[in-house]
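Residue numbers (my numbering), protein chains in the order written: chain G, 1 to 346; chain L, 1 to 346.
A hint or two may mislead.
Where chains are identical, the list cannot tell them apart; a pair therefore holds if satisfied intra-copy or between any two copies.
[Said to hold, decoys possible] The calculated DSS-like cross-link candidates involving lysine-lysine, where the alpha carbons are at most 27 angstroms apart (straight line), are:
# : residue 1 : residue 2
1 : Lys98     : Lys192
2 : Lys98     : Lys239
3 : Lys192    : Lys240
4 : Lys194    : Lys98
5 : Lys268    : Lys315
6 : Lys315    : Lys98
7 : Lys89     : Lys78
8 : Lys49     : Lys315
9 : Lys315    : Lys113
The set of hints was computed from the structure by calculation and includes no laboratory data.
One-letter residues, chain by chain:
Protein chains: 2
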Amino acid sequence: MPEIRYDPLRIRWTIIATERGRRPHDFKIPKEEKKKGALCPFCYGHEDKTPPEIFVITDKNDREPNTSGWKVRVVPNKFPALRIEGEFKREGVGLFDKVSGIGAHEVIIETPKHDSHMADRSVEEIKDVLVAYRERIRDLRKDIRFRYILVFKNHGREAGASLEHPHSQLIATPMVPTVVTTELTASQEHFKRKERCLMCDILAQELMLGERIVWENEHFVIWEPYASSFPFETWLIPKKHLHDFALLNDDELYHVAYALKQMLYRIKVVLNDPPFNMILHTAPSTHERPGRPHYWSTIEYDYHWHIELVPRITKIAGFEWGSGLHINPTIPEEAARYLREVDVDF
Amino acid sequence: MPEIRYDPLRIRWTIIATERGRRPHDFKIPKEEKKKGALCPFCYGHEDKTPPEIFVITDKNDREPNTSGWKVRVVPNKFPALRIEGEFKREGVGLFDKVSGIGAHEVIIETPKHDSHMADRSVEEIKDVLVAYRERIRDLRKDIRFRYILVFKNHGREAGASLEHPHSQLIATPMVPTVVTTELTASQEHFKRKERCLMCDILAQELMLGERIVWENEHFVIWEPYASSFPFETWLIPKKHLHDFALLNDDELYHVAYALKQMLYRIKVVLNDPPFNMILHTAPSTHERPGRPHYWSTIEYDYHWHIELVPRITKIAGFEWGSGLHINPTIPEEAARYLREVDVDF
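Please construct the entire structure, taking both the sequences and the accompanying hints into account.
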């Protein structure tokens, strides 16, 4: 079983893959595999090349499981970072701490079309992917061992994608990850002082100033964050306060899909199809656990779900890693202007 | 002037390069420039291709500034992330915060030899580089605007190096960067409870357990951290408690240089000259500032300087960025074994 280890100096957890340890000669500069057609495990007809499916969206009433005819297909990751089986244990190791590497690691195969960029798909097709995100989050939250489900997408080799066929991933973790905890804590503290949601306050200010807004409609805003860590870092924020993406109904997901297409299309045009990471930040699992306190009792009021997109066109080098301070060579207000000016005809 | 902006949701500062903003077409997948001989600005005879030198180590008594004959040469970065000139200001921007992008950004040209890997240089040559680090830290600390001086080295394109000629860099910042603050705070809190240094405690435990130790002598230990974020992440720790690298004398730096050669050589052999980032974590500037509290009053006792090395053989992708949780596919105890077994004949 993998271990999740805690560093008391850096106040940071790391997942250590203890089972399939990579030896020195296993590391080569990874190349995105261009496995098309016959070789791609995510294409139609190759459903037996993945572990059996967990969830599927299909139009066919008579489809046999693990055959073609699906629109979105969710399967366990063949090489999971965390394991679904096993007991969750917390242990001290002298000064250190570890917890068992319990979790889930799933792949959301977004479409049967091998070459389809998400920005070029129909809103309906994108909505189906979001439905899969929602259903998997809802299902995994039933497992009391999991505290958080992080949905993310790596597009392009530079962004860490190892397969070309369009896919997203999710990892369920037995603790709320640091970056999410920071957002949750900042939101909770703001609410404690003001009884207002921090993101709602930022939203009001950004809409008033306007200079970092890329696009908005009745339901959503796309903006460049004031302190963007990366050039053309772009966020999608719902105007309506809601802590949890998993509460959205299909109609609402259709609106998210339309806004997401706006975001992805503009980034694709302005940066010429860059590699990117996309991350869904939503509420953690909040169900009561026997003998454990409920940490996020005001979460309905203080947290605001959103999607973060990070084009990977700069390097994270020694300074960034050693300081936590990123150097962003593009002014967010200028990036917003470029993205705003894109001609969009959908 | 660049700006350093604060994100209230992510509790994170970012340097925004407002002057030479990079536009969309400026981003190409960066290639390490193979500028040898005639084209390399860091080779002998091209001293006029860099800004004038700030510090130099040379054997020649009659050397003219900015000519060849140097052993180590420090120059301002031609494209600095922060600016040395200007007044330091703190400003609120509604919910946001910014401070002026005051700082220093320097390049330490480690040797005139274009193709020399630091691991293959003599201990004396490495010591000279460390002397340059120390002298620049000492000098920049005289500027009361700078709170921290981060020395780092990017080796190889994948690690963010844009020039091939061996060089390190330093950036002086007007605040203590997040990652350093986390280490300082963890150390301070440990000391407050126990009146012992956290790193000294870890050192005692790691030496007792032995399984993550790569190498040690009278003065230094090289180990794989218990919760290494990256495969083959390797740290160099002095056995003697000391908060500040800049206090070391030349003899002590010679010992650091020998240990550093041990670390770099083993990494180079085991991973076949991988790209890497190396970071010096030492104490912040602690001089008194008029009208400002002294945050790190116990620093002499609680902080322990060290060097962190991170081979860049895995990608930082969406999960890592969105969660702060890294997935390390190599068990630190196994990495330590590989590095321990290297045949070293110096």
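Hints that the structure is at odds with (numbers, increasing): none
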